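S.K.: Spelled out from the first residue to the last, the chains are:
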Amino acid sequence: MFAYYLDLAMRSLRRHKILTGLMVLAIALGIGASMTTLTVMHVLSGDPLPGKSATLYYPQLDPRDSQDVRPGQEPPAQVSWMDGMNLLKAGRADRQALMTGGAVPIQPPDASIDPFFEDARFTTREFFAMFHVPFLYGHAWSREDDSNDARLVVLSRRINDKLFGGADSTGKMLRTGGKEFRIVGVIDDWRPTPHFYDLMTGGYADSEGVYLPLLTATDLKFPTNGSRDCWGNGANIDAKTALCTWLQFWVELDTPAKAAAYKQFLLNYSRHQKSLGVYQREPNVRLRNVMQWLDHNHVVPSDVHLQFWLAMGFLVVCLVNTVGLMLAKFLRRAGELGVRRALGASRRSLFAQLLVEAGAVGLVGGLGGLLLSLLGLWVVRMQPSDYAALAHLDLSMLLATFALAIGATMVAGLLPAWRACLVPPALQLKSQ
Amino acid sequence: MHIRHILAALRHHRIAALLITLEIAFSCAVICNALFVISTRLERMHRPTGADETHLVEVRVGHVARRSAEATLAQTHTDLAALRRISGVSHVTLVNQTLFGSSISFSSVSLSSDSNAPSTAVTQYMADVNLIDTLGLKVVAGRGFRPDDQVTDASLNDKNPPQMPVIISQALAKHLFPGQSAVGKTLYAFGPNRIVGVVKRLVQPRDFGAPGEYEYAMVFPVDTPYPQGTYLLRVRDPAQRQQVIKQALSVLKKDGPLRLVSPKYARTTEAARAKYYSADRAMAWLLAGVCVLLLGVTALGIVGLTSFWVTQRRHQIGIRRAIGATRRDILTYFQTENFLIASAGIVLGMALAYGINLLLMQRYELPRLPFYYFPVGALVLWVLGQLSVLGAALRATHVPPVVATRAA
Numbered sequence: 223m224f225a226y227y228l229d230l231a232m233r234s235l236r237r238h239k240i241l242t243g244l245m246v247l248a249i250a251l252g253i254g255a256s257m258t259t260l261t262v263m264h265v266l267s268g269d270p271l272p273g274k275s276a277t278l279y280y281p282q283l284d285p286r287d288s289q290d291v292r293p294g295q296e297p298p299a300q301v302s303w304m305d306g307m308n309l310l311k312a313g314r315a316d317r318q319a320l321m322t323g324g325a326v327p328i329q330p331p332d333a334s335i336d337p338f339f340e341d342a343r344f345t346t347r348e349f350f351a352m353f354h355v356p357f358l359y360g361h362a363w364s365r366e367d368d369s370n371d372a373r374l375v376v377l378s379r380r381i382n383d384k385l386f387g388g389a390d391s392t393g394k395m396l397r398t399g400g401k402e403f404r405i406v407g408v409i410d411d412w413r414p415t416p417h418f419y420d421l422m423t424g425g426y427a428d429s430e431g432v433y434l435p436l437l438t439a440t441d442l443k444f445p446t447n448g449s450r451d452c453w454g455n456g457a458n459i460d461a462k463t464a465l466c467t468w469l470q471f472w473v474e475l476d477t478p479a480k481a482a483a484y485k486q487f488l489l490n491y492s493r494h495q496k497s498l499g500v501y502q503r504e505p506n507v508r509l510r511n512v513m514q515w516l517d518h519n520h521v522v523p524s525d526v527h528l529q530f531w532l533a534m535g536f537l538v539v540c541l542v543n544t545v546g547l548m549l550a551k552f553l554r555r556a557g558e559l560g561v562r563r564a565l566g567a568s569r570r571s572l573f574a575q576l577l578v579e580a581g582a583v584g585l586v587g588g589l590g591g592l593l594l595s596l597l598g599l600w601v602v603r604m605q606p607s608d609y610a611a612l613a614h615l616d617l618s619m620l621l622a623t624f625a626l627a628i629g630a631t632m633v634a635g636l637l638p639a640w641r642a643c644l645v646p647p648a649l650q651l652k653s654q
Numbered sequence: 296m297h298i299r300h301i302l303a304a305l306r307h308h309r310i311a312a313l314l315i316t317l318e319i320a321f322s323c324a325v326i327c328n329a330l331f332v333i334s335t336r337l338e339r340m341h342r343p344t345g346a347d348e349t350h351l352v353e354v355r356v357g358h359v360a361r362r363s364a365e366a367t368l369a370q371t372h373t374d375l376a377a378l379r380r381i382s383g384v385s386h387v388t389l390v391n392q393t394l395f396g397s398s399i400s401f402s403s404v405s406l407s408s409d410s411n412a413p414s415t416a417v418t419q420y421m422a423d424v425n426l427i428d429t430l431g432l433k434v435v436a437g438r439g440f441r442p443d444d445q446v447t448d449a450s451l452n453d454k455n456p457p458q459m460p461v462i463i464s465q466a467l468a469k470h471l472f473p474g475q476s477a478v479g480k481t482l483y484a485f486g487p488n489r490i491v492g493v494v495k496r497l498v499q500p501r502d503f504g505a506p507g508e509y510e511y512a513m514v515f516p517v518d519t520p521y522p523q524g525t526y527l528l529r530v531r532d533p534a535q536r537q538q539v540i541k542q543a544l545s546v547l548k549k550d551g552p553l554r555l556v557s558p559k560y561a562r563t564t565e566a567a568r569a570k571y572y573s574a575d576r577a578m579a580w581l582l583a584g585v586c587v588l589l590l591g592v593t594a595l596g597i598v599g600l601t602s603f604w605v606t607q608r609r610h611q612i613g614i615r616r617a618i619g620a621t622r623r624d625i626l627t628y629f630q631t632e633n634f635l636i637a638s639a640g641i642v643l644g645m646a647l648a649y650g651i652n653l654l655l656m657q658r659y660e661l662p663r664l665p666f667y668y669f670p671v672g673a674l675v676l677w678v679l680g681q682l683s684v685l686g687a688a689l690r691a692t693h694v695p696p697v698v699a700t701r702a703a
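From first to last, the protein sequence lines are chains X and G.
One rule links them: number in this note's numbering = place in the first sequence (from 1) + 222.
One rule links them: number in this note's numbering = place in the second sequence (from 1) + 295.
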């Protein structure tokens, strides 16, 4: 029966080429626009470390002075050097890492390449294990190297390709900031999206090119990237003693019970600091996991939301348009439908036949919409925003495109098909 | 009379008429809001900074290895002198942050030395005394900086830092001292700072904080070493900007091999502005594109349905023609019919536009839709409706009266 209906649908669609063309065009435009924006939303609101992110937490403390206290106030988005070091040394979590973004000048060993600046991450060693960073060559630096000013560096694959032509460079030396660093590891392509561990350097920034031990980098006074939030008076010159928050601290807590215990630890720590007179405020802590942290920061740009709603509005107009055109098309065939009714077809089978026809329009429209959304995503990738390069269609979105196209067209076909089924057979036969 | 007949006829095409009404309503609502968002983006993109942007180029130089503070500062002075000698360059300075640049620095500013006094976060430009002239800022009260105002960057870290004067933007002056002259007063940012001048307009390098605070800025006369800033050059003739960038790079490259001098770190301020607002420009184009597509789809819908109606009503049209209706009457009939449907759609669309705007105001901090967008949106859709109905209506006028005598 389905094959027969499909055959009828194809005949009918071919008979009214212009009307069919208009319907397919409207569906394709609506689907193209909505799938483009939906894909961008899907990519931008994804989980940066699937399977892992639920166990990664971002502790926040409130070391600020008592100026401008408001109830329910959010603690600073980063930690100070002192707090970061204290929490790191306490080591109460399964893993922990203290880090900041930075920029380092690199002098390539090959003199034909000009020196250049590269984004760097200054961090303690568990960054790599905690965030499942894949190593291509070598490994992270050791625990001792975190605290002995070791001149060691881990490169990204991109930088290793650029400087060493992709060869295993571990053990070689790299000159950066006028100092010699020994390369201990090269990591494979790794770009968590969003750039969750440091939203200050851009929510969708590419991952850094070089990784240095935090203490080494800060002792050499390498410039840091990101934001620095300071309070109180006095010259905040030495970043380690200054009343400023500028570091990110991440912990891994494998079970909810450990997370609850860690939160209690943060409260106790704040209380202790207050009793020492270091903190002036009441304990004010947060412990969010990755997705909660991203949510809290509204990391998906509001323009992307706006574009999504706009595209949805556009899709609605396209669908209303399709309903109208389909109504015209089905009613124009009242004669043919009357004949089928007179020959014994039930209303139900007419209805099924018309819905198959609507579905066929949806399928073709969905194909057109797919091409348009590929075009749309290509346009998005041409944009200058830092998430542009991420806008690609994956399999789930591809299937969603067709599901949306066929589903929406069938829904649009319900009303016209129902109206057309109400055709009284006798009247139609007579008027022919 | 006419209208009553049209309405009576429409009652037989309730669903189709309703669909067109809905389509027009949605288009109207989306287009009103999209046009409004476009206009807010355009307005944002054309905000002046107060600087004479067409005459400015910037060059950033990095250092590969650290040298002593004195050596670095001496190198900076050598650079500034060399850049000043380039032909076509009228002023040169080194500034800690550039307009539309990625870095931005703030200090909290209050009117008393008490740390509990209410404060405002204000962005600070730190540059040698030539910044005001290089940017081409207009001093509207007080004076610009004099050479003896200048302090060194290193001295700011002393136990007893020198007291430096400050020049502030007019918006900040009005905020701090409403109704009074700010010149001669003192604000507290780096200790007490005496305000020696007010410039007409100077803004933050990039948007930060509340929208009104975009126009708050202050300038301190600080002799900064080059790794902490960007060389800013004012050219006499905008046409020479690329030429000046090239010369500046070659001049800077002469001094020391251990410096990062690259065309990557040099640009005109105009290019910086274009890059900074590129997302807004892309959004405006996207919205404009969607508006055009929406109008197109709506027009196609109207064309499709009216041509269907004309076919369906061939017989009636023939009868009307046979009993004396002129071609013009037929045309008027279809156009009036479309006008009525469009009007209903527009009324509904206005309400919908208002509702969408309320939502956008809540969620995306958009301002209220100005009243004049409504008539503009209405006019656009009326014209669109009339144009899209024209083809089918003209075809209807060609239905010969003889059709009436044939069986339907």
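The set of hints was computed from the structure by calculation and includes no laboratory data.
Just so it is clear, the structure is predicted and the values come from calculations on it, not from any experiment.
Treat the hints with caution; some may be incorrect.
Stated by the list, open to error - Pairs of lysine-lysine, BS3-like flavour, derived with a Cα cap of 25 Å: (1) X:K443 to X:K274; (2) X:K274 to X:K239; (3) G:K495 to X:K384; (4) X:K480 to X:K311; (5) X:K443 to G:K570; (6) X:K462 to X:K443; (7) G:K495 to G:K469; (8) X:K401 to X:K443; (9) X:K462 to X:K274; (10) X:K480 to X:K462; (11) G:K559 to X:K401; (12) G:K495 to G:K548; (13) G:K541 to G:K570; (14) X:K394 to X:K274; (15) G:K454 to X:K401; (16) X:K394 to X:K443; (17) G:K480 to G:K433; (18) X:K384 to G:K559; (19) X:K462 to G:K454; (20) G:K570 to X:K401; (21) X:K496 to X:K274.
To be verified - With the Cβ distance kept under 7 Å, some of the chain X side facing chain G (calculated, not the full set): (22) A248; (23) Q329; (24) A333; (25) F386; (26) G400; (27) Y426; (28) F530; (29) L532; (30) G535; (31) V538; (32) V545; (33) A550; (34) D608; (35) S618.
Unchecked claim - Cβ-Cβ distance ranges computed for the label pairs, FRET-style: (36) X:D476 to G:S334: 44 to 54 Å; (37) G:Y659 to X:G629: 43 to 53 Å; (38) G:P695 to X:L637: 41 to 51 Å; (39) X:L593 to G:H300: 27 to 37 Å; (40) X:D476 to G:S397: 34 to 44 Å.
For each residue, glycine too, the CB sits at the ideal point set by N, CA and C.
S.K.: Now tell me if each hint is right for this structure.
M.R.: Taking the hints in turn, this is what the structure says about them:
A threshold of 25 Å between alpha carbons decides the hint, and for X:K443 with X:K274 the separation of about 33 Å lies outside it, so the pair is violated. Between X:K274 and X:K239 the CA atoms are separated by roughly 53 Å; this puts the pair beyond 25 Å, and the hint is violated. The hinted pair formed by G:K495 and X:K384 fails the criterion: a straight-line CA distance of about 48 Å is larger than 25 Å. Between X:K480 and X:K311 the CA atoms are separated by roughly 18 Å; this keeps the pair inside 25 Å, and the hint holds.
Distance restraint check for X:K443 and G:K570: the Cα-Cα separation of roughly 30 Å exceeds the 25 Å cut-off, and the hinted pair is therefore not satisfied. Distance check on the hinted pair: X:K462 and X:K443 sit about 11 Å apart at the alpha-carbon level, within 25 Å; holds. Straight-line distance between C-alpha atoms of G:K495 and G:K469 comes to about 11 Å, which keeps the hinted pair within the 25 Å bound. Distance restraint check for X:K401 and X:K443: the Cα-Cα separation of roughly 12 Å lies within the 25 Å cut-off, and the hinted pair is therefore satisfied.
Between X:K462 and X:K274 the CA atoms are separated by roughly 31 Å; this puts the pair beyond 25 Å, and the hint is violated. Between X:K480 and X:K462, the direct Cα distance comes to roughly 29 Å. Violation of the 25 Å bound is thereby established for this hinted pair. Taken as a hint, the G:K559 and X:K401 pair is honoured in the structure, with Cα atoms around 24 Å apart against an allowance of 25 Å. For a cut-off of 25 Å, the pair hint linking G:K495 to G:K548 is broken: about 37 Å separates their Cα positions.
A hinted pair counts as satisfied when its Cα atoms are at most 25 Å apart, and G:K541 with G:K570 qualifies at roughly 20 Å. Between X:K394 and X:K274, the direct Cα distance comes to roughly 33 Å. Violation of the 25 Å bound is thereby established for this hinted pair. Taking the CA atoms of G:K454 and X:K401, the gap is about 31 Å. The hint is violated against a cut of 25 Å. Between X:K394 and X:K443, the direct Cα distance comes to roughly 23 Å. Compliance with the 25 Å bound is thereby established for this hinted pair.
For the hint linking G:K480 to G:K433, the alpha-carbon distance of about 20 Å falls within 25 Å, and the restraint holds. Restraint check for X:K384 and G:K559: the C-alpha separation of about 17 Å stays at or below 25 Å, so the hint holds. The hinted pair formed by X:K462 and G:K454 meets the criterion: a straight-line CA distance of about 18 Å does not exceed 25 Å. A hinted pair counts as satisfied when its Cα atoms are at most 25 Å apart, and G:K570 with X:K401 does not qualify at roughly 34 Å.
The hinted pair formed by X:K496 and X:K274 fails the criterion: a straight-line CA distance of about 34 Å is larger than 25 Å. The beta carbon of X:A248 comes within 5 Å of a beta carbon in chain G, closer than 7 Å, and the hint placing it at the interface holds. With a least beta-carbon distance of about 6 Å to chain G, the hint placing X:Q329 at the interface is held under the 7 Å criterion. Hint status for X:A333 relative to chain G: violated, with the closest Cβ pair at about 10 Å, above 7 Å.
Using the Cβ-Cβ criterion of 7 Å, the hint placing X:F386 at the interface with chain G is not satisfied: the shortest such distance is roughly 19 Å. This hint holds: X:G400 has a C-beta 2 Å from the nearest C-beta of chain G, less than the 7 Å allowed. At its closest, the beta carbon of X:Y426 sits 12 Å from a beta carbon of chain G; the interface hint therefore is violated under the 7 Å criterion. Restraint check, X:F530 versus chain G: the minimum CB separation of about 12 Å is more than 7 Å; hint violated.
With its C-beta approaching chain G no nearer than about 6 Å, X:L532 sits inside the 7 Å limit, and its interface hint holds. A distance limit of 7 Å between C-beta atoms decides the matter here; for X:G535 the minimum to chain G is near 5 Å, and the interface restraint holds. A cut of 7 Å between beta carbons decides the hint on X:V538: the least distance to chain G is about 6 Å, and the hint holds. Interface hint at X:V545: satisfied, since its Cβ lies 6 Å from the closest Cβ of chain G, which is below the 7 Å cut-off.
Because the beta carbon of X:A550 sits about 4 Å from the nearest beta carbon in chain G, less than 7 Å, this interface hint is met. Residue-level restraint check for X:D608 is violated (minimum Cβ-Cβ distance to chain G is 10 Å; threshold 7 Å). Checking X:S618 against chain G: minimum C-beta separation of about 24 Å lies over 7 Å; hint violated. For the pair X:D476 and G:S334, the beta carbons lie near 52 Å from each other, so the given range of 44 to 54 Å is met.
For G:Y659 and X:G629, the hinted distance range of 43 to 53 Å is not satisfied, since their beta carbons lie about 29 Å from each other. In this structure, G:P695 and X:L637 break the distance hint of 41 to 51 Å, their C-beta atoms being roughly 35 Å apart. At roughly 46 Å, the beta-carbon separation of X:L593 and G:H300 lies outside the given 27 to 37 Å, and the hint is violated. For X:D476 and G:S397, the hinted distance range of 34 to 44 Å is satisfied, since their beta carbons lie about 38 Å from each other.
Checked against the numbered hints listed earlier, the structure breaks hints 1, 2, 3, 5, 9, 10, 12, 14, 15, 20, 21, 24, 25, 27, 28, 34, 35, 37, 38 and 39; every other hint is satisfied.
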